[in-house]
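Student: The lines below spell out each chain.
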Amino acid sequence: MPMVRIDHTRRDDPDFAGKASETVRSALETAFSVPREDFFQVVTAHEFGSGLFGPQRFLDIEHTQDLVFVQITCATGRSKEQKIALFQAISSGLAGETGMRPDDVIINLVENQRENWSFGRGEAPFA
Amino acid sequence: MPMVRIDHTRRDDPDFAGKASETVRSALETAFSVPREDFFQVVTAHEFGSGLFGPQRFLDIEHTQDLVFVQITCATGRSKEQKIALFQAISSGLAGETGMRPDDVIINLVENQRENWSFGRGEAPFA
Amino acid sequence: MPMVRIDHTRRDDPDFAGKASETVRSALETAFSVPREDFFQVVTAHEFGSGLFGPQRFLDIEHTQDLVFVQITCATGRSKEQKIALFQAISSGLAGETGMRPDDVIINLVENQRENWSFGRGEAPFA
Numbered sequence: 001m002p003m004v005r006i007d008h009t010r011r012d013d014p015d016f017a018g019k020a021s022e023t024v025r026s027a028l029e030t031a032f033s034v035p036r037e038d039f040f041q042v043v044t045a046h047e048f049g050s051g052l053f054g055p056q057r058f059l060d061i062e063h064t065q066d067l068v069f070v071q072i073t074c075a076t077g078r079s080k081e082q083k084i085a086l087f088q089a090i091s092s093g094l095a096g097e098t099g100m101r102p103d104d105v106i107i108n109l110v111e112n113q114r115e116n117w118s119f120g121r122g123e124a125p126f127a
Numbered sequence: 001m002p003m004v005r006i007d008h009t010r011r012d013d014p015d016f017a018g019k020a021s022e023t024v025r026s027a028l029e030t031a032f033s034v035p036r037e038d039f040f041q042v043v044t045a046h047e048f049g050s051g052l053f054g055p056q057r058f059l060d061i062e063h064t065q066d067l068v069f070v071q072i073t074c075a076t077g078r079s080k081e082q083k084i085a086l087f088q089a090i091s092s093g094l095a096g097e098t099g100m101r102p103d104d105v106i107i108n109l110v111e112n113q114r115e116n117w118s119f120g121r122g123e124a125p126f127a
Numbered sequence: 001m002p003m004v005r006i007d008h009t010r011r012d013d014p015d016f017a018g019k020a021s022e023t024v025r026s027a028l029e030t031a032f033s034v035p036r037e038d039f040f041q042v043v044t045a046h047e048f049g050s051g052l053f054g055p056q057r058f059l060d061i062e063h064t065q066d067l068v069f070v071q072i073t074c075a076t077g078r079s080k081e082q083k084i085a086l087f088q089a090i091s092s093g094l095a096g097e098t099g100m101r102p103d104d105v106i107i108n109l110v111e112n113q114r115e116n117w118s119f120g121r122g123e124a125p126f127a
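Protein chains in written order, with the UniProt record's numbering: chain A, 1 to 127; chain B, 1 to 127; chain C, 1 to 127.
To be clear, the hints were calculated from the coordinates, so they are not data collected in a lab. We put the beta carbon where it would ideally sit given N, CA and C, even for glycine. There could be a bad hint or two in this list.
[What the hints assert, rightly or not] Partial pick of chain C residues on the chain A-facing surface, computed with a CB cut under 10 angstroms:
1. A31
2. R36
3. V110
4. N112
All chains, please: the whole structure from these sequences, using the hints.
Tutor: Next up, the structure:
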């Protein structure tokens, strides 16, 4: 049910998109119990400073230009604990799979209703 | 009022974006009573497996690589019946206009408040 | 905390993205009291009519093909007055900085919960 948008700056790494896709999918399976086959993702590369913009530091976290944004639209109903587990799984997973700093992983969730989803044929299986 | 993002894999079909745009606009007019002139859309082509990712099958629906994601941000207040009518109109419309399988049309709605929209000049006509 | 997506049609103006980014960041600081270092933005250029679509007129506002969409995901809790102030600051700021018509600035806000954000290391500072 989640739809994921991943925006990153690794334009010269052809493997990044696939690794990021699988890492976020796996994190959603682990932390949110999303079925393995439930992944719909768009991954886009940008140039830092002309397509993707972010700060050098926010709160107490330093950022580099190797920044990734993970925006996940999903149905409402997950607990704070599940959300924190998801954030941990994505940031540590991306660090482990791609070598990026976990400090550079920015994540946000947009929640909607279960009736707001169609996965084909115009059907709304959760309405 | 809706803002629509359409992500697809028909990179070699220069007519797809226009047909998809008009199909989704028309479906919003029919199912949600959106005025004809109320359309704000971004349509982006991706390569399957490096820019757009999805499963071969989810729930009981088979997917191909000719997959399209339609994400619609719109004001809250539509009924389940309207949402299902919208999903049907988009998936059957895209199938009819572009020849894609209705099974490959993935849709989700993100709802917000009417006061959250400006259509120019910094005005908020529904605030 | 906001994440901003800016979609525009000024493909031949290499300075537009930076100016738009800074204008929206500054407007969020002024109208929503967002900290100066709290900006996470994706700016994308499109061709009007094949990547970005919009009407010639909606409500009483005329639009040209020099259209910009500003979609802001942010935490819930701002008043109508703050939202209107934000819309005014963005549209007048973009007009002043880039010479575009304020009529061509389309804005919408998607609100979520504060616990839905991670700014690095998988931490959820507002959960």
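Student: Which numbered hints are broken by the structure, listed smallest first?
Tutor: Violated hint (a single one): 1; every other hint is consistent with the structure.
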